[in-house]
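2 protein chains.
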Amino acid sequence: MSAQKTATASSGALPSKVGITVFPGFEPLDAFGPLEALYMLSSNFKLDLYVIASTLDPVYTGTNDPQLNKAGSRFGVNIVPTHTYETVPDDLEVLLVPGGAGAAAPTIAPTVEFIRRAYPKLRYLITVCNGAAVAAAAGVLDGKRATTNKLYWKMITASSPNVNWVRTARYVVDGNCWTSGGVSAGIDVTLGWISKLYGEDRARTVANIMEYEWRHDPNWDTFAYVHRDDVDVFGGGVAFD
Amino acid sequence: MSAQKTATASSGALPSKVGITVFPGFEPLDAFGPLEALYMLSSNFKLDLYVIASTLDPVYTGTNDPQLNKAGSRFGVNIVPTHTYETVPDDLEVLLVPGGAGAAAPTIAPTVEFIRRAYPKLRYLITVCNGAAVAAAAGVLDGKRATTNKLYWKMITASSPNVNWVRTARYVVDGNCWTSGGVSAGIDVTLGWISKLYGEDRARTVANIMEYEWRHDPNWDTFAYVHRDDVDVFGGGVAFD
Chain A
1 MSAQKTATAS
11 SGALPSKVGI
21 TVFPGFEPLD
31 AFGPLEALYM
41 LSSNFKLDLY
51 VIASTLDPVY
61 TGTNDPQLNK
71 AGSRFGVNIV
81 PTHTYETVPD
91 DLEVLLVPGG
101 AGAAAPTIAP
111 TVEFIRRAYP
121 KLRYLITVCN
131 GAAVAAAAGV
141 LDGKRATTNK
151 LYWKMITASS
161 PNVNWVRTAR
171 YVVDGNCWTS
181 GGVSAGIDVT
191 LGWISKLYGE
201 DRARTVANIM
211 EYEWRHDPNW
221 DTFAYVHRDD
231 VDVFGGGVAF
241 D
Chain B
1 MSAQKTATAS
11 SGALPSKVGI
21 TVFPGFEPLD
31 AFGPLEALYM
41 LSSNFKLDLY
51 VIASTLDPVY
61 TGTNDPQLNK
71 AGSRFGVNIV
81 PTHTYETVPD
91 DLEVLLVPGG
101 AGAAAPTIAP
111 TVEFIRRAYP
121 KLRYLITVCN
131 GAAVAAAAGV
141 LDGKRATTNK
151 LYWKMITASS
161 PNVNWVRTAR
171 YVVDGNCWTS
181 GGVSAGIDVT
191 LGWISKLYGE
201 DRARTVANIM
211 EYEWRHDPNW
221 DTFAYVHRDD
231 VDVFGGGVAF
241 D
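Chains as they are written, first to last, in UniProt numbering: chain A, 1 to 241; chain B, 1 to 241.
Be aware that a few hints might be false.
If chains are identical, the list can't say which one is meant, so a pair holds when it fits in one copy or spans any two.
[Said to hold, decoys possible] Using 27 Å as the maximum straight-line C-alpha spacing, the simulated DSS-like pairs for lysine-lysine come out as follows:
1. Lys-17 / Lys-70
2. Lys-46 / Lys-17
3. Lys-70 / Lys-144
4. Lys-46 / Lys-70
5. Lys-70 / Lys-196
6. Lys-196 / Lys-144
7. Lys-121 / Lys-196
8. Lys-17 / Lys-144
9. Lys-154 / Lys-46
10. Lys-46 / Lys-121
11. Lys-17 / Lys-196
12. Lys-144 / Lys-121
13. Lys-196 / Lys-46
These aren't lab readings, by the way, just hints derived from the structure by calculation. Treat the numbers as computed from the prediction; the structure is a model and nothing was measured.
Construct the complete structure from the given sequences, taking the supplied hints into account.
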């Protein structure tokens, strides 16, 4: 496509079965940033999506927690799962784990348990934001290099001391675990993953169709500095006034 | 919040009723980029979301059109509407219109009709990508400056000659119509809108929580140049090989 081919795709069969865990209070862009990039890819490469949750009931992205939703807003969307953690095929190849307020709530327990059970058969695990904390709670990041969002860095990393946390990183790859920074960083890790498997030209094409200025360098992260005075608790540090 | 206040919020009552039109084949990030930014805002400012469609049946983001989905992928998510075009309250204040392949399909007709009917009572209309073509088809952009995505620029603008299309723009504001470029540009127009109504500090805080490098200047658009050889038909120009 372009004259300058800067990277070639990995060899080997490309994965086609992609799952995403959804749970109450998952962060919309954590999920739909990566899903957008993969959706663009899926027009030319066979990809099937499994939307996985505890039950088949719609999953709401918003939160009613008054500490987080101080204004009493009703600002979420209901997403319909296609499979439960019990019914999803066990030949899933890629698993996306978004974060969000719900990733730090007690209702995350079944998702943690699913990741623990599913990980040994996965080819790739991709986490966004504090989705890394969910994967860490499942033990699958123990001894691995990983990153997470920078706003709640201290809280998240303190709760998972067995992970080799990397602060100044838009995303980190260690083995088959691709972990990214907060929210929007999920787009960059997904483009990086597409680049690795499908070639950089394809990743660039996907980014361009999305009219997204790809943060291409995984080792540079503006927000490691923006959030240098990161906060210790959810809801405690996002001061608007 | 920051020492340097570069813009102040608009005066007047802030809007609280936000609607988004969803239709088969709407582009996920067109919707969930703006919704993410508004969700962040909604923790401190009362905002209620109305997810509006032709019926209350779940709306699928993917497409089975073999010209667009060449690989035969099954890569969409089902979203649950909260209201139909008939039942949504008529005091809606803000309407978001995403684009996507479905915005160019015959099934978009009820959405066009809804925008035509709803627009006179709206305080703000925000479009993303070829959501502008849907608004243009409803006639509400006639005589106004507007932008849309750059990949399908010729096709979209040719079909709506009564709009004063602005090519090199991440987003354009004319009166109460905020129109943006392709997909990711929806995040920038929403941050711009937040900045105008709630002040730049709040918009910056939202962008930082999202760990998103805000494309702050509406008059600069990388993709007006990246897609300088834009294509004439959907599915015809996105060459991967």
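Hint check:
Taking the shortest alpha-carbon separations for Lys-17 and Lys-70, only the inter-copy value of 17 Å comes in at or below 27 Å, while the best intra-copy value is 39 Å. Taking the shortest alpha-carbon separations for Lys-46 and Lys-17, only the intra-copy value of 9 Å comes in at or below 27 Å, while the best inter-copy value is 39 Å. Taking the shortest alpha-carbon separations for Lys-70 and Lys-144, neither the intra-copy value of 36 Å nor the inter-copy value of 38 Å comes in at or below 27 Å. Taking identical chains as interchangeable, the C-alpha atoms of Lys-46 and Lys-70 lie at most 27 Å apart only when they sit on different chains, with a minimum of 9 Å there against 43 Å within one chain.
Within a single copy, Lys-70 and Lys-196 get their C-alpha atoms only as close as 42 Å, which misses the 27 Å cut-off; across copies the closest is 22 Å, which meets it. Within a single copy, Lys-196 and Lys-144 get their C-alpha atoms as close as 19 Å, which meets the 27 Å cut-off; across copies the closest is 43 Å, which misses it. With identical chains, the CA atoms of Lys-121 and Lys-196 are at most 27 Å apart within one copy only, with a shortest distance of 20 Å there and 49 Å across copies. Taking CA atoms no more than 27 Å apart as the test, Lys-17 paired with Lys-144 passes inside one copy only; the shortest distance there is 24 Å, against 45 Å between copies.
Proximity of Lys-154 to Lys-46 under the C-alpha cut-off of 27 Å is found in neither arrangement, the shortest distances being 39 Å within a copy and 29 Å between copies. For the homomeric pair Lys-46 and Lys-121, the shortest alpha-carbon distance inside one copy (20 Å) is at most 27 Å, but the shortest distance between copies (44 Å) is not. Taking the shortest Cα distances, Lys-17 and Lys-196 sit within 27 Å of each other inside one copy (17 Å), while across copies they are farther apart (43 Å). In this assembly of identical chains, the alpha carbons of Lys-144 and Lys-121 lie at most 27 Å apart only when taken from the same copy (18 Å versus 55 Å across copies).
In the homo-oligomer, the alpha carbons of Lys-196 and Lys-46 lie at most 27 Å apart inside one protomer (17 Å), although the nearest pairing across protomers, at 42 Å, exceeds that limit.
Going through the hint list in order, the structure does not satisfy hints 3, 9.
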